[in-house]
Each structure stands twice: as C-alpha cells, then as structure tokens.
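Add chain X with the ligands to chain R, keeping to what the hints say.
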Amino acid sequence: MIPGAFDYHRPSTVAEAVTLLADAGEDGRVLAGGHSLIPMMKLRMATPETLIDLRHIDELRGIDENGGTITIGAMTTQAEMIASGLLADVCPILRETALQIADPQIRNLGTIGGNVANGDPGNDLPALMQALDAAYVIAGKSGSREVAARDFYEAAYFTALQDGEVLTAIRIATPPAGHGWAYEKQKRKIGDYATAAAAVLLTMSGGKCASASIALTNVGDTPLFAEAAGAALAGTDLGADAVNAAVAAAEAIAEPAEDGRGPVDFRIKVAGQMVRRGIARAASRAS
Amino acid sequence: MSKMHVKMTVNGKPVEGLAEPRTLLIHFLREDLNLTGPHIGCDTSHCGACTVDLDGKSVKSCTVFVAQANGAEVTTIEGIANPDGTLHALQEAFREHHGLQCGFCTPGMITRAHRLLQENPNPTEAEIRMGISGNLCRCTGYQNIVKSITAAAEQLASMKEAAE
Ligand SMILES: Cc1cc2nc3c(=O)[nH]c(=O)nc-3n(C[C@H](O)[C@H](O)[C@H](O)COP(=O)(O)OP(=O)(O)OC[C@H]3O[C@@H](n4cnc5c(N)ncnc54)[C@H](O)[C@@H]3O)c2cc1C
Ligand code: FES
Ligand code: FES
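Read top to bottom, the protein sequences are chains R and X.
Going by our numbering, the residue at position 41 of the first sequence is 41; the numbering climbs one at a time, nothing skipped.
Going by our numbering, the residue at position 100 of the second sequence is 100; the numbering climbs one at a time, nothing skipped.
What the hints contain is simulated information worked out from the structure, not anything from laboratory work.
Keep in mind that the hints are not guaranteed to be accurate.
Taking beta-carbon pairs under 10 Å as the criterion, some of the chain R residues facing chain X (in silico) [as the list claims (entries may be wrong)]:
1) I2
2) R10
3) P39
4) A79
5) A102
6) L109
7) I190
Just the calculated beta-carbon pair ranges, DEER-fashion [what the hints assert, rightly or not]:
8) R/R277 x X/E127: 23 to 29 Å
9) R/T236 x X/S158: 53 to 59 Å
10) X/Q155 x R/A252: 56 to 62 Å
11) R/D151 x X/P14: 47 to 53 Å
12) R/D151 x X/Q155: 54 to 60 Å
13) X/E125 x R/D259: 29 to 35 Å
14) R/D221 x X/D84: 56 to 62 Å
15) X/L87 x R/A173: 51 to 57 Å
16) X/E125 x R/T13: 41 to 47 Å
17) X/S158 x R/D23: 55 to 61 Å
18) R/A173 x X/T44: 36 to 42 Å
19) R/G260 x X/C139: 22 to 28 Å
Which residues of chain R face chain X? A few of them, derived with a C-beta cut under 10 Å, are [to be verified]:
20) Y8
21) L31
22) L51
23) R107
Cβ atoms here follow ideal geometry from the backbone N, Cα and C, with glycine treated the same way.
Extracted from the complex, chain R is given alone in its bound form (with noise of 0.2 Å):
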C-alpha cells in the first residue's frame, strides 16, 4: 500500500507551521507521529499533498504543572505521558489510558495531540480529556484560541479545528488530591481499538460521591460525555440504585454502530458495564 506522493516540510517552530499550513491550502496537514494519518494515507482515504511535520518543533513537547493547571504539549507522545512522574503523581488516570492504547512501537511515535485531533470516535485520549474538561490550546495565522474538548468533536473526523490551525497544547485543571479515577477498556486484543470503554473521575467527601464525570469511548460518531450519568452519582453514597442509574444515563446516550466488535445492543451494554466497573475502581481509589 504506497500512499499519495506529498512535499515534506520540517519546520521547527509553531510559527513557522502555521506558514506553511496556510500556504498549503486546504490540501496541506499536519504529521504528529503518523500513527492515523499514514495507516489512512496507505489506503488513500487521506491524499495530502503537503505534509508539515510538527516532530522538530520543541515548543510542541514537554509536561508541566503550575498553579493547578497541567499543561501537555501537544507533541508529547503516549510513551512520554506514561514514563512521566508528575502525571503518575498528579492525573494518573491519564498514565491508565495510555497505556491502553495500541502497542508500545506505536506509542513511541503517537502523540497525545494526534490522538485528540484526530477526530476518530475510537481513540482513547478524547472521552478522557472530556471527563476531564481539558481544554485544547489552538494557534492559527491570527493567534490563539482555547477550545473545551467538550465542544471539539462534532462528527467522526469532524472537528472544531479549522483550516490552517494546529493544536498546540492541551490544559487540564489538576483533579484535586484524593481524587478517585479509572480508564475501563473492553478490547478483544492489544492495538484494538475499544467495543467500549468509560473514563471515570470522582471525589469522595465524608462518605458521599462529591462529584463524578464520566465519558465515553467508541459508542457513537464522537466522545459522549456522559454529564447525566455522572449527575446521578453526586451527592450519594455510590449504592446500587446511584450506580444503576449512572450506568442507565451512560446506555441511554450510547449509539454504537455494529461492526466486528459486536452488535449495537452488545456494545451498549459493554458501555454500561464499563462505567459500572470504572465507578467501582475510581470509589476504590479514592479517599
């Protein structure tokens, strides 16, 4: 499978890629670690005719914390974000799913900015940044706006990123310690993308759930947040009839399509079952 010839460009600051994106036209893109775009380019369902590599930029890369807010560079790749100590230390569900993401050679080359602009429903890393209200740092040729990964995703491979812009960081305000989390994946076999899986953050408070945020991955044409199924665990003790109600919030809002992963009503109900277990795992860890 050869893929459409292009001009390469390297360019090695942010500046200079949204130049050269803008010059390309609507035929240009981006090329993060090329884990998605090249297996699409082989099969010609991508035919850029002008590639701009974003691997040489430095400021693209890099994880820090101040002020209670992470930032991530959008270059950052899988295999960075789960060698580092502070995300283990800080968001470690962000560690969790990661390592739930295909395989170790292509997480050396993925990137956490292709995972989230990508715009395929199957990645791992959009509903997470949901459940998280990440925001996304967006530089265009007039400067620099900040969209919610809550508002990004419109349609499979549909996003708010416009023509000419690049994703340069992704914001996240640091979950408060003692907070409870876990990333719930059913995949037939590593490098599957998920039948369905739940991202699930809680804080716990005298024995009650103080808040909770749950998204999904895979059950529709984009992440769903799962807003009323993490509304129907605040405020209680996490008993049967609060988790049942999350979980039928969450089956409520999926809408799988059927493919080799299983039917529609199967892959709902694997969505249902991965927030029950997520809830389970995310009160476990929590204090």
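Just chain X with the ligands, lined up with the frame of chain R:
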C-alpha cells in the same frame, strides 16, 4: 513529485540516497539499502515484523516515511550482532531456547527485545509480554520467545557483572 536527498546513520554507518518523501522507511531499508532483515508482515502497523530502532526507540518502519527518518539513527537486525561477528546474547538465546520456528517474526522480535532490555534490563515475565505486545508470532505461541528473552537478560546481566 520530486525526490529528496536523505541521509541517516544505519547500524552505525552513514548512508544516503534519493527517495520520494512518501517512501516508507521499511522500503528504503529493504530496497535501497538491501537490508532485508526487517520484514513486511502486515503493512498495517499491527504485526511488528518491520520493527527497527529509530533514534533509540522501537518503531514500526512500515508506518514511518523516509522523510521523517531523515537525519536519524536507525538500527536493524543486521546491526544487533557483536562487533566481532559473533551472535548477540539475544540471538544466541533465541537459537538455544527455540524462540523461533519459521523465523518470519524473528528480526522484529529480536530488535524489539534488544531495545526492551536496554529500557528494562531485568524485566519480569509480565513486562516482557507487555514489551513485545506489538509483535505478533504465528508459530511459537510466544512461550519460547519469552523464555529466550528471559535467558538473554540473565546472560547480559552476568556478562555485565563479569566485566565490572
Ligand atoms: C495498529 C494501531 C492501533 C491503534 N490503537 C489505538 C487505540 O487502541 N487507541 C487509540 O486511542 N489510538 C490507537 N491508535 C492510534 C494512535 O494512538 C495514533 O497515534 C493517534 O490516533 C494519532 O496520533 P499521531 O500523533 O500518530 O497523529 P497523526 O497520525 O500524525 O495525525 C492524526 C490526525 O491529526 C492531525 N493532527 C495531528 N497532530 C495535530 C496537531 N498538533 N494539530 C492539528 N492537527 C493535528 C493530523 O493532521 C491527522 O489528520 C492505533 C494506531 C494503530 C496504527
Ligand atoms: S509490517 Fe509493519 S507492523 Fe506489520
Ligand atoms: S516464528 Fe513464525 S511467525 Fe514467529
């Protein structure tokens, strides 16, 4: 579209060539450099037979454009043996412990294991299995591959101890 001039260091030696940017690294290695050790199994980023080291990290070279690898350091299975031509401990261990049957996955498997043992010289069985989870083998059932990598890790550790 026009070809570009690419330069890289492959198995410690500087190499250069003319290639279209869209050329996949695996094709450049096999067809331009005649390094036919790394294999093409699936061409869809699943099997790991094409695994090489790119700037010190394992990657699937069927999913890297030669343009991305311009200027990089690449190691293939041809660069794993000891400088005097004797087999590397991993290669010996695969032979000794029957870590291959048809051999198709073996170059990628050993190149991946070679990097894994540099990242984690003393892996548990579970860490080995996770470490090679991007490499498929249709023959062995993995059991003897895990055994080979474990044995090589022990051998490398005792060689290191002896040298100290
Ligand atoms: C075999 C296999 C299994 C996989 N399994 C999983 C899995 O289980 N879960 C999962 O989540 N993913 C999986 N992936 C996908 C993988 O995580 C990709 O790395 C990821 O989806 C895309 O990231 P990338 O850096 O490789 O981006 P690319 O492939 O380089 O880019 C993807 C798209 O995003 C755009 N883009 C990239 N970066 C930016 C940016 N900074 N600004 C604007 N646009 C940008 C590109 O133009 C392109 O359209 C798998 C991939 C393979 C090959
Ligand atoms: S040929 Fe590259 S992963 Fe199979
Ligand atoms: S030995 Fe035949 S595929 Fe692994």
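Identify whether the interface hint at R/A102 stands, where standing means a beta carbon of chain X within less than 10 Å of its own.
-> holds (7 Å)
Given the hint of 29 to 35 Å, check if X/E125 and R/D259 actually sit that far apart at their C-beta atoms.
-> Given a distance of about 34 Å, which is inside 29 to 35 Å, the answer is holds.
Using the C-beta atoms of R/D151 and X/Q155, is the stated range 54 to 60 Å upheld?
-> This hint holds: roughly 55 Å between Cβ atoms.
Residue hint R/R107, partner chain X, criterion CB-CB below 10 Å = holds (9 Å)
Identify whether the interface hint at R/Y8 stands, where standing means a beta carbon of chain X within less than 10 Å of its own.
-> Status holds, d = 4 Å.
Do the Cβ positions of R/T236 and X/S158 conform to the proposed distance bound of 53 to 59 Å?
-> The hint (53 to 59 Å, Cβ to Cβ) holds, given that R/T236 and X/S158 are roughly 57 Å apart.
With chain X as the partner, please determine if R/P39 meets the hint condition of a C-beta pair closer than 10 Å.
-> Since chain X brings a Cβ to about 6 Å from R/P39, closer than 10 Å, the hint holds.
Proposed interface contact between R/A79 and chain X, which counts if any beta carbon pair is under 10 Å | Result: holds, 7 Å to nearest chain X Cβ.
Distance restraint hint 23 to 29 Å, applied to the beta-carbon atoms of R/R277 and X/E127 | holds (24 Å)
Confirm or reject the claim that R/G260 and X/C139 have a C-beta distance inside 22 to 28 Å.
-> Holds, at about 25 Å.
Given R/I190 as an interface hint, is the shortest Cβ-Cβ distance to chain X below 10 Å?
-> Holds. Min distance 4 Å.
Please test the hint of 36 to 42 Å on the beta carbon pair from R/A173 and X/T44.
-> holds (38 Å)
Every hint, counting from the list given before, is met by this structure.
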